Amino acid sequence: MIEFTLWDIVRNLLLAARWTIVLSLIAFIGGASLGLLFTVLRLSGNRLLKVMIGIYVDVFQGTPLLMQLFLAYFGTAALGFNVSAWAAASIALTLFTSAFLCDIWRGCLEAVPRGQWHASRVLGMDYLQTMRHVILPQALRLSVPPTVGFSVQVIKGTALASVIGFVELTKAGTMLNNATFAPFTIFALVALIYFALCYPLSRYSRYLERRLYDAGMR
Amino acid sequence: MGLTLDFLALSPYAGELARGLVTTVVLTVVTTLSGLMLAIVVAYLKVHAATWVRRILGGYVELTRNTPFIVQLFFIFFGLPAFGIKIDAITAAFLAMTLNLAAYTAEILRAGIEATGRGQLEAARTLGMSKLQSYRHVVLVPAFARIYPALTSQCIIVMLGSAVVSQISVFDLTFAANFIQSRNFRSFEAYLLVTLVYLLLAVGMRQLFLLVGRRLFAFRQGGLA
Numbered sequence: 001m002i003e004f005t006l007w008d009i010v011r012n013l014l015l016a017a018r019w020t021i022v023l024s025l026i027a028f029i030g031g032a033s034l035g036l037l038f039t040v041l042r043l044s045g046n047r048l049l050k051v052m053i054g055i056y057v058d059v060f061q062g063t064p065l066l067m068q069l070f071l072a073y074f075g076t077a078a079l080g081f082n083v084s085a086w087a088a089a090s091i092a093l094t095l096f097t098s099a100f101l102c103d104i105w106r107g108c109l110e111a112v113p114r115g116q117w118h119a120s121r122v123l124g125m126d127y128l129q130t131m132r133h134v135i136l137p138q139a140l141r142l143s144v145p146p147t148v149g150f151s152v153q154v155i156k157g158t159a160l161a162s163v164i165g166f167v168e169l170t171k172a173g174t175m176l177n178n179a180t181f182a183p184f185t186i187f188a189l190v191a192l193i194y195f196a197l198c199y200p201l202s203r204y205s206r207y208l209e210r211r212l213y214d215a216g217m218r
Numbered sequence: 001m002g003l004t005l006d007f008l009a010l011s012p013y014a015g016e017l018a019r020g021l022v023t024t025v026v027l028t029v030v031t032t033l034s035g036l037m038l039a040i041v042v043a044y045l046k047v048h049a050a051t052w053v054r055r056i057l058g059g060y061v062e063l064t065r066n067t068p069f070i071v072q073l074f075f076i077f078f079g080l081p082a083f084g085i086k087i088d089a090i091t092a093a094f095l096a097m098t099l100n101l102a103a104y105t106a107e108i109l110r111a112g113i114e115a116t117g118r119g120q121l122e123a124a125r126t127l128g129m130s131k132l133q134s135y136r137h138v139v140l141v142p143a144f145a146r147i148y149p150a151l152t153s154q155c156i157i158v159m160l161g162s163a164v165v166s167q168i169s170v171f172d173l174t175f176a177a178n179f180i181q182s183r184n185f186r187s188f189e190a191y192l193l194v195t196l197v198y199l200l201l202a203v204g205m206r207q208l209f210l211l212v213g214r215r216l217f218a219f220r221q222g223g224l225a
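Line by line, the protein sequences are chains Y and B. Note that the UniProt record's numbering numbers the first sequence so that position 31 is 31, with each residue one more than the last. Note that the UniProt record's numbering numbers the second sequence so that position 4 is 4, with each residue one more than the last.
If you're looking for bench data, these hints aren't it; they were derived computationally from the structure. Since the model is a prediction, treat every value here as computed from it, not as a measurement. Mixed in with the good hints, there may be bad ones.
Derived CB-CB ranges, DEER-like [unchecked claim]:
{"no.": "1", "chain 1": "Y", "residue 1": "196", "chain 2": "B", "residue 2": "210", "range": "35 to 45 Å"}
{"no.": "2", "chain 1": "Y", "residue 1": "199", "chain 2": "B", "residue 2": "114", "range": "38 to 48 Å"}
{"no.": "3", "chain 1": "Y", "residue 1": "3", "chain 2": "B", "residue 2": "82", "range": "10 to 20 Å"}
{"no.": "4", "chain 1": "Y", "residue 1": "37", "chain 2": "B", "residue 2": "115", "range": "33 to 43 Å"}
{"no.": "5", "chain 1": "Y", "residue 1": "48", "chain 2": "B", "residue 2": "49", "range": "26 to 36 Å"}
{"no.": "6", "chain 1": "B", "residue 1": "18", "chain 2": "Y", "residue 2": "185", "range": "38 to 48 Å"}
Covered, in the sense of this in silico footprint (three residues per stretch, anywhere, with C-beta under 8 Å from a C-beta of chain Y), are these stretches of chain B [said to hold, decoys possible]:
{"no.": "7", "segment": "53-67"}
{"no.": "8", "segment": "71-77"}
By construction, the Cβ of each residue, glycine as well, lies at the ideal position given by its N, Cα and C atoms.
Work out the full structure, taking the sequences as your base and the hints as a guide.
Right under this line is the structure:
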């Protein structure tokens with residue numbers, strides 16, 4: 001049996017944490033792009049689209065992320081595609097992220113008082129002008145704190161990719177545990193690394209929120 | 001290759017599905033109650049206790065909120081026995097879910113408690129209410145009414161998150177799906193069906209919370225968003 005020193009464990013976990021970060025970035029960038037597309041489509045005024053996106057959001061918010069991962073992994077296999085754990089995790093986490101961000105951003109757009117729409121119309125601005133010069137700048141400012149806050153959920157969500165065999169931080173932890181039988185140390189270290197990734201983002205999100213609040217906008 | 005779905009292949013496993021559903025529901029109900037009780041204690045102490053107590057509780061809340069639930073679960077199930085504390089899977093699941101829900105809820109509740117004006121508590125005391133009475137009626141109940149929508153969402157998130165306890169071999173809904181697909185290889189059907197059950201549970205929970213909230217906080221018109 002190979003002996004693992006504490007440094008070996010830490011080093012292996014940190015190496016695996018790279019994949020947690022990469023997967024988080026994929027999910028966040030992919031999810032934000034898709035979420036933006038859905039947000040725009042929702043605003044387009046097409047009722048059918050609006051209802052469908054609403055259902056999409058409710059389904060992803062109302063089912064376990066673990067199930068979404070299983071369905072992406074095994075479901076695509078049943079459809080005849082051979083999908084790697086990488087692809088399945090990226091797809092599932094992207095869809096999951098897009099649903100939540102789409103919902104967050106809708107809230108931000110709706111938080112801009114309706115009277116501003118009427119006022120802009122009275123001033124002779126059309127829909128796009130109102131959106132661009134009046135609504136979006138305010139909604140964007142509102143959206144930053146919750147969006148940063150949600151990135152923490154994305155990072156934590158990537159831990160579930162371990163269940164379908166994707167070797168990231170959590171999976172590396174369970175593998176090291178099987179080899180060393182030092183579960184307390186290993187899972188404490190795993191938790192600590194996640195904490196080091198997530199806590200700064202949480203703090204930053206709270207700071208942004210407070211600054212927004214102090215600026216008198218809410 | 002075309003996809004042929006065969007949901008009838010799941011019918012021999014109705015018993016396993018029912019068992020999984022019962023476990024998920026029981027886990028959710030019990031941890032919602034225990035998590036809420038713990039959250040009240042934590043939130044109270046985080047507002048009123050000595051600084052060092054607040055620091056420790058702050059550490060617990062932040063650690064829980066900034067690490068994945070699955071890691072918390074593994075830490076409790078695999079890590080604690082290293083200290084000689086041996087617990088079975090269902091106890092570990094119960095413990096992890098309670099601690100998780102309590103950390104989030106305590107933070108939500110604390111905001112609700114701090115929103116109560118000092119004057120209101122003093123007024124209640126002047127009216128002859130005891131310390132406990134005034135705290136309960138003037139601070140706690142209105143705080144709960146204020147945070148009720150957020151609380152509802154948090155409890156649903158914990159229910160959905162409980163799918164992870166299948167990973168330490170608790171026989172919940174997800175475990176049932178894993179079990180079925182390992183027997184009949186109908187993975188897509190099994191996971192799709194179970195996902196649908198989770199969705200129904202989430203919708204049902206939201207309705208139930210709405211109903212209970214209307215009854216509990218009837219005095220606050222328009223208090224529930």
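Going down the list of hints, with the structure as the test:
no. : hint                         : verdict
1   : Y:196 with B:210: 35 to 45 Å : holds, 39 Å
2   : Y:199 with B:114: 38 to 48 Å : violated, 22 Å
3   : Y:3 with B:82: 10 to 20 Å    : holds, 18 Å
4   : Y:37 with B:115: 33 to 43 Å  : holds, 37 Å
5   : Y:48 with B:49: 26 to 36 Å   : violated, 54 Å
6   : B:18 with Y:185: 38 to 48 Å  : holds, 40 Å
7   : 53-67                        : holds (count 5)
8   : 71-77                        : holds (count 4)
Figure legend: structure checked against the earlier numbered hints; hints not met, in rising order: 2 and 5.
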